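Working from the sequences, and respecting the hints, build out all of it.
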Amino acid sequence: MKLQDKIGLTNLTLSMVFYVLGGIALYWFITHAVYQELDSHLIGHRNDIISKVESGEFDVKRLEEMGALATYEWVEINKIKNPDEKALKSGETNIFRTIEVEAPEGEPSRQPGSYRMLESQAKLNGSWYTIKFYERIAGWHTIIITILTTVLILLLAWVMLSYFVNKVAFKRVLAPLYSTVEKLKTITTPQQIHPDLPSSSTEEIEVLHRSLNHMFRQLSASFEEQKSFIQNASHELLTPLTIIRQKADALLSDRSLSEESIARVAQIQETVSRLSRLSNALLMISRIENRQYHLDDEVSLTEALEVVLDELQIYTESKAQQVRKTIEYDAVINGNRDLIQALLFNIIQNAIKFSPNESEITISLKAEGANAILRINDNGPGISEEQKEQLFRRFYKGSKGHSESPGLGLSIVDSICEMHGFKYNINSGAEGGTTFTITMANVKQFREIPVGA
Amino acid sequence: MRALVVEDEPLLNESLVDHLNEDGFTVDSVEYYSQAQERLLGEPYDLILLDLRLPDGDGMNLLKELRDQEEDSAVIILTARGELEDRVEGLNLGADDYLSKPFSMQELSARLHAVLRRKFKVSNNRLDVGPLSVDLDQTRAEVNKQVLSLTQTEYNLLRYLALNRDRTVTRIALAEHVWGDRIDDRFSLDFINSHIKNLRKKLNHASGYDFIKTIYGMGYQLRNPEIHDDTGDVV
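Residue numbers (numbering that gives the first Met the number 0), protein chains in the order written: chain Z, 0 to 452; chain P, 0 to 234.
Hints were generated in silico from the structure; no laboratory data involved.
Capping the alpha-carbon separation at 30 Å, the derived lysine-lysine pairs in DSBU-like fashion look like this:
| no. | chain 1 | residue 1 | chain 2 | residue 2 |
| --- | --- | --- | --- | --- |
| 1 | P | K200 | P | K212 |
| 2 | Z | K184 | Z | K422 |
| 3 | Z | K5 | Z | K166 |
| 4 | Z | K246 | P | K196 |
| 5 | Z | K318 | P | K196 |
| 6 | Z | K318 | P | K200 |
Which chain Z residues stay away from chain P? Per the calculated CB distances, all over 12 Å, these:
| no. | residue |
| --- | --- |
| 7 | V74 |
| 8 | A137 |
| 9 | G138 |
| 10 | T148 |
| 11 | L154 |
| 12 | T188 |
| 13 | S199 |
| 14 | E203 |
| 15 | H208 |
| 16 | T301 |
| 17 | E305 |
Quantities reported herein were computed from a predicted structural model and do not represent experimental measurements. A virtual CB, placed ideally from N, CA and C, is assigned to each residue, including glycine.
Structure, rendered in structure tokens:
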């Protein structure tokens, strides 16, 4: 969820909680205030009547008959038959209650509805009486509800307005943050990093931008440094190798050279060749890891396979090996064409190398959901678990005496897969044979293979 | 023909000069960008070998300058292998070919020839070694006017040996010529042996001569069998 939505909704939720609680509290307070008022009014009546009776102004009989004190107010007075003097004297018992009253017959002043009642005991002219005072609340209720409703509606309107105003305000204030987030989303390679985030008057955004710019500068610098280092290393390694190579070549033009000398010159050349391939492989891996290769090509896997198998045809022919292809669909992948070809070349070359003469190598390409699965299978001796771990480490040489080949081939495979987001797997059967499986997720499209292709 | 070598590494510079001399060029050589610029102000060169990484400038700029001046020299750029962008940019800017370091002199010879032919529009390009005639533009070779039936690989090897005739070419050089970076130590040299064997057989069958001499098992040499005997000495 977006930040501004989160803030807005949190705000709204809390506001609603407070609103509800506030509403309840408000109701309680208003009601309490009203009751306080009513209760003191009732007490006032009680004290008034008691003093009037004691002064002789009112007489009890008359009170009993009177009933109504005013509109919506009346009194009931009843003699207590067997008063418990002790209990009555010890405590002034004033009990306040809210009661519902039905309309009694013959009492026009007693409207049905809610009433506040004071039940009290008093000694009047020597006898104990229970006196009940009633006062109607209905009118008050209406007032309470009106006030409450008005206030709550206003508050609700305020909360809603607040929510929308905040939404707009946040959007404005957070705009630079969002634009930075959009920018960050677009960065996928080191070349796209530019330390050009603007200053802001908002403290946190200013800090954020400044830190990001600083980090970007360092990343860019580091990337460029690596790049020139690799380019220089390239040049510095390969130029002397060229010189060695050429001096060796020049030696060969000397006709007086002995057999041993010629043999040595040939060995020098072969070693230079090996060194230069090693350098190139290492440099390629460095460049892959430094993200110096682009991934913009749309590579057709079947085309790449054609190219690679073509190059390797000389080997398969000489070893009388058969290459069988099972291709359901052609998969077109976003990536680097040269690297993908190098990837396929390395894997298939290994399959050829480690398989005996006259054996079969199968290549299959399937679609599984949105992924393309490429499998390369050979009938060689297979790879044990320990060998598997070692295999991808640089400079590993297989134990079967392939002492001449630098073990970087599979390291290159690893780098290229990692760069493209491919997953790979090697499995050997119990009887031998090895299957190399690559799962490719960046499939742009699957295409039908034209018939007869 | 006049050639200019622009290379900052002295030993390499020397090698290139020697080799071009052998091939019949009159060679000037410089080690710096600035010196190269000066040279280019003078008489135009037929061939320029240009290293892209010079201590005082980018070889690519020199190439640009050259083309801006509408010089018609054949240019071969020397780059580190694997620097694909250099190659592509160089060829886009008008270089005629490239050589990836490290390269052998024989490879240089082969490329030189192709470039010069392209530049000076020599058609009907053939190389004659005695009764053997190797077509340099298409996959075709003849002995005594009879066409040989060759595979692509055999033709490539024959052509390379022909361009480097009378020189010893090691197997590794032949392997690199055919497969470049894709060499595999175990297989490549054996393959070369068997292909040369086949090639030899075909040449022998057509002419009765052994054109290709094996040099102590390390390499091969193509020479005119009519004027050389088996020991390689001139008759």
